[in-house]
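Undergrad: Each chain is listed here by its residues.
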Amino acid sequence: MRRLCYVQCMRRLWGPAQVKNLHTSVCQLQRKKVMEADKPWALISEVGEQGYIEDVTDIMTQHFQIISHRDFLQNPQLHAPKIQAMFVWNACPAAKPSLLTSLPALKVVANGGVGIDHLDVPYITSLGVKVTNTPGVVSDATADIAMGLLLASARKIVEGHQIAVDPKTTHIPQCLMGVEVTGSTLGIIGMGDIGHKIAQRSKGFDMKILYHNRKRRSVEDEQAVGASYCESMDDLLRRSDFVMLAVNLTPETTGLISHRELALMKPTATLVNVSRGLVVDQDALVKALQSGTIRAAALDVTHPEPLPRDHPLLGLPNVLITPHVGTNTYTTTRRMVQRMVDNAVAAVKGQCIPNEVKTK
Amino acid sequence: MEEEKPWALVSEVGGENGYLEELADIPKQHFQIICYREFLQNPVLHGPKIQALLIWKYCPAAEPSLLRLLPSLKVVASAGVGIDHLDVPFINSLGVKVANTPRVVSNATADFAMGLLLASARKILEGHHIAVDPKTTHIPQSLMGVEVTGSTLGIIGMGEIGYKIAQRSRGFEMKILYHNRTRRSTEDEQAVGAIYCESLDYLLRRSDFVMIAVKLTSDTTGLIGHRELSLMKPTATLVNISRGQVVDQNALVKALQLATIRAAALDVTHPEPLPRDHPLLSLPNVLITPHIGISTYNTASRMVEKMVENALAGVKGLPIPNEVKLK
Numbered sequence: 001m002r003r004l005c006y007v008q009c010m011r012r013l014w015g016p017a018q019v020k021n022l023h024t025s026v027c028q029l030q031r032k033k034v035m036e037a038d039k040p041w042a043l044i045s046e047v048g049e050q051g052y053i054e055d056v057t058d059i060m061t062q063h064f065q066i067i068s069h070r071d072f073l074q075n076p077q078l079h080a081p082k083i084q085a086m087f088v089w090n091a092c093p094a095a096k097p098s099l100l101t102s103l104p105a106l107k108v109v110a111n112g113g114v115g116i117d118h119l120d121v122p123y124i125t126s127l128g129v130k131v132t133n134t135p136g137v138v139s140d141a142t143a144d145i146a147m148g149l150l151l152a153s154a155r156k157i158v159e160g161h162q163i164a165v166d167p168k169t170t171h172i173p174q175c176l177m178g179v180e181v182t183g184s185t186l187g188i189i190g191m192g193d194i195g196h197k198i199a200q201r202s203k204g205f206d207m208k209i210l211y212h213n214r215k216r217r218s219v220e221d222e223q224a225v226g227a228s229y230c231e232s233m234d235d236l237l238r239r240s241d242f243v244m245l246a247v248n249l250t251p252e253t254t255g256l257i258s259h260r261e262l263a264l265m266k267p268t269a270t271l272v273n274v275s276r277g278l279v280v281d282q283d284a285l286v287k288a289l290q291s292g293t294i295r296a297a298a299l300d301v302t303h304p305e306p307l308p309r310d311h312p313l314l315g316l317p318n319v320l321i322t323p324h325v326g327t328n329t330y331t332t333t334r335r336m337v338q339r340m341v342d343n344a345v346a347a348v349k350g351q352c353i354p355n356e357v358k359t360k
Numbered sequence: 361m362e363e364e365k366p367w368a369l370v371s372e373v374g375g376e377n378g379y380l381e382e383l384a385d386i387p388k389q390h391f392q393i394i395c396y397r398e399f400l401q402n403p404v405l406h407g408p409k410i411q412a413l414l415i416w417k418y419c420p421a422a423e424p425s426l427l428r429l430l431p432s433l434k435v436v437a438s439a440g441v442g443i444d445h446l447d448v449p450f451i452n453s454l455g456v457k458v459a460n461t462p463r464v465v466s467n468a469t470a471d472f473a474m475g476l477l478l479a480s481a482r483k484i485l486e487g488h489h490i491a492v493d494p495k496t497t498h499i500p501q502s503l504m505g506v507e508v509t510g511s512t513l514g515i516i517g518m519g520e521i522g523y524k525i526a527q528r529s530r531g532f533e534m535k536i537l538y539h540n541r542t543r544r545s546t547e548d549e550q551a552v553g554a555i556y557c558e559s560l561d562y563l564l565r566r567s568d569f570v571m572i573a574v575k576l577t578s579d580t581t582g583l584i585g586h587r588e589l590s591l592m593k594p595t596a597t598l599v600n601i602s603r604g605q606v607v608d609q610n611a612l613v614k615a616l617q618l619a620t621i622r623a624a625a626l627d628v629t630h631p632e633p634l635p636r637d638h639p640l641l642s643l644p645n646v647l648i649t650p651h652i653g654i655s656t657y658n659t660a661s662r663m664v665e666k667m668v669e670n671a672l673a674g675v676k677g678l679p680i681p682n683e684v685k686l687k
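Which chain is which? The protein sequence lines are A and B, in order.
All letters in the first sequence, in the order written, are residues 1 to 360 by my numbering.
All letters in the second sequence, in the order written, are residues 361 to 687 by my numbering.
Looking at chain A on its own, in the form it has when it is part of the complex (with noise of 0.2 angstroms):
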């Protein structure tokens, strides 16, 4: 009633015509603000400091009105109902039963990332819950890094950098030697969508390509990076110069790399870990390195993250860390953000979802 009479007192100042675009403009300002409204809610960990970046805040509002978890526990009773998805970042905030039994409208978990271990998907599905993840988006840019750090160890870039910007160097160093890349053999351990794009990389190298995945893939597809299959990771481990895992992380890999395997594996190889730091026995790795059972690791992902200060992966000299960079490129985030919201936009709506994660 209000807004006509409104637009009445406007038609007896003004022309119809300026009345009329005023009236469609005052309409689309209503229907912008009752849409709003009708955005559904969505669960966040938090923008800035552990979270989210500010810049990928409106890929998510597009489509959801969020509330952070902070915000969100200062009054569960009032905003629990409304949340029907819940966006995971860095595993946060973590989809516990205490919080998701506390959810009666969830639809959706959709997480930002492939990797999916820190989901009980089981659990959430039995909850009439779905659960979507971010396959595909994440796979450049993680191969990109995999074959940053197997050539930031293999050629001493970071040991480099120091020397030369040391205080006390006075000489370019003789003995700073690293371990040829070009022609060597690359073994890599899951060849998933990210093993596959990690060979594709390493063949511009001319390195030889070995892998080993649960299961075989098709003679294009080896071909097409020229990938021997090894039947057997032990093979593989014997006879690569530099080992990489990019499996994802279950209960058949976890521990997978431990003192067995790192015996295996020559005293002159390298150990690159872009999946999960649970999928290699640590203390094993430790032992290992100070032996000079191998030569050297690079790790973007140990188990937890960050390790503890005091932990020895860190005092080793030939060991390379990065804190979990592998998908660090606003490119990236920002696709990630999308893919992850795409799918909780489906799961609301009842529609196809792109990326559900389905228990076997």
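Each hint should be verified, as a subset may be incorrect.
Claimed, not checked - Here are the simulated BS3-like pairs of lysine-lysine, each with C-alpha atoms no more than 27 angstroms apart in a straight line:
| hint | chain 1 | residue 1 | chain 2 | residue 2 |
| --- | --- | --- | --- | --- |
| 1 | B | 417 | A | 168 |
| 2 | B | 676 | B | 365 |
| 3 | A | 96 | A | 360 |
| 4 | B | 388 | B | 676 |
| 5 | B | 614 | B | 575 |
| 6 | B | 614 | A | 168 |
| 7 | B | 593 | B | 417 |
| 8 | A | 96 | A | 39 |
| 9 | A | 358 | A | 107 |
| 10 | B | 535 | A | 203 |
| 11 | B | 365 | B | 417 |
| 12 | B | 593 | B | 575 |
| 13 | A | 360 | A | 215 |
| 14 | B | 409 | B | 676 |
| 15 | B | 535 | A | 208 |
| 16 | A | 266 | A | 208 |
| 17 | B | 495 | A | 287 |
| 18 | A | 168 | B | 495 |
These are calculated hints, taken from the structure and not from any lab test.
Following the hints, complete the assembly by docking chain B onto the known chain A.
TA: Same frame as chain A, but now just chain B:
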């Protein structure tokens, strides 16, 4: 038989500037070796015996003052492909041949160039520092790098090393532009998907990563200065694996301080190493390595083998496999 081996002058074995012990065995197979320090103790005695001067990491410096003391010198054999530290016309004028070691250096240098590019783009150095810092309590969320896959790489200098860099970057689906004195064949270009840029300016404007792989000559000295850096994207990275003097270092410092470009990754500077108070050492967006582009046992030993092969041919009066001839 030992006495029949010709004498070669080298820098030193071991120590800060010398050959690694394992590498020194290679020249010892064919030459009687004298180190520079020992030579200087009695140049009148040792000088006339020396038929070959073997240069490793610029040492010993082939200065006129040294060459004057070596009347029997037949060849100056340098390990490495760069010969900007040698006055080839002057050395030739003494009737002495010059040799380098092209090709054996190319793979390791191209590998290293990619390593620098990736380390800079994805902030591997900063990442490691944070990961091991005693004060770190959380994984940082704001350590963002730039995307390598699908980005544009502009290679300046498409010789053997530049070409091998193109081969490697292809696997990352990078768009490859290149600028060179002469255009490469169509087959070469198509094999790596590289597009020729007649205009260096055009390459600089379009590239996300600018890779310098030229050799140092009077034409390439100061090739990248204020003007060239300002043509680059503010999000671009400069990678230099050629020689420090190809880049105007003062201009580079300003460009990095003002964010005219995003970052630089340098295996070479001028001088090497830089003075300890040089501004490049303290800029957060600079990655510097101490000229280790060829530093693997594999490549270093192949270089020394080639150098010795060249020197032996020179001493015997045979054609030298990698003689440096002036145009």
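Undergrad: Decide, hint by hint, whether the structure agrees.
TA: Against the structure, the hints come out as follows:
A distance of roughly 20 angstroms separates the Cα atoms of residue 417 of chain B and residue 168 of chain A; the hinted pair therefore holds under the 27 angstroms criterion. Only pairs whose Cα atoms come within 27 angstroms are accepted, and residue 676 of chain B paired with residue 365 of chain B is accepted, the gap being roughly 11 angstroms. Note on residue 96 of chain A and residue 360 of chain A: the hinted pairing holds, with a Cα-Cα distance of about 21 angstroms set against a maximum of 27 angstroms. For the hint pairing residue 388 of chain B with residue 676 of chain B, the CA-to-CA distance comes to about 17 angstroms; that is within 27 angstroms, so the pair holds.
Using a Cα cut-off of 27 angstroms, the hinted pair residue 614 of chain B and residue 575 of chain B holds, with the two alpha carbons roughly 24 angstroms apart. At roughly 25 angstroms between alpha-carbon atoms, residue 614 of chain B and residue 168 of chain A fall within 27 angstroms of each other, so this suggested pair holds. A C-alpha spacing of about 34 angstroms is found between residue 593 of chain B and residue 417 of chain B, which places the hinted pair above 27 angstroms, so the restraint is violated. A hinted pair counts as satisfied when its Cα atoms are at most 27 angstroms apart, and residue 96 of chain A with residue 39 of chain A qualifies at roughly 25 angstroms.
For the hint pairing residue 358 of chain A with residue 107 of chain A, the CA-to-CA distance comes to about 14 angstroms; that is within 27 angstroms, so the pair holds. For the hint linking residue 535 of chain B to residue 203 of chain A, the alpha-carbon distance of about 17 angstroms falls within 27 angstroms, and the restraint holds. The suggested pairing of residue 365 of chain B with residue 417 of chain B holds, with an alpha-carbon distance near 24 angstroms, which does not exceed 27 angstroms. Distance check on the hinted pair: residue 593 of chain B and residue 575 of chain B sit about 24 angstroms apart at the alpha-carbon level, within 27 angstroms; holds.
For the hint linking residue 360 of chain A to residue 215 of chain A, the alpha-carbon distance of about 16 angstroms falls within 27 angstroms, and the restraint holds. For the hint pairing residue 409 of chain B with residue 676 of chain B, the CA-to-CA distance comes to about 14 angstroms; that is within 27 angstroms, so the pair holds. Between residue 535 of chain B and residue 208 of chain A the alpha-carbon distance is near 25 angstroms, which keeps this suggested pair within the 27 angstroms criterion. Between the alpha carbons of residue 266 of chain A and residue 208 of chain A the distance comes to roughly 16 angstroms, so the proposed pair stays at or under 27 angstroms and holds.
With a C-alpha separation of about 25 angstroms, the suggested pairing of residue 495 of chain B with residue 287 of chain A holds against the 27 angstroms cut-off. The hinted pair formed by residue 168 of chain A and residue 495 of chain B meets the criterion: a straight-line CA distance of about 25 angstroms does not exceed 27 angstroms.
Hint violations for this structure: number 7 only, all remaining hints satisfied.
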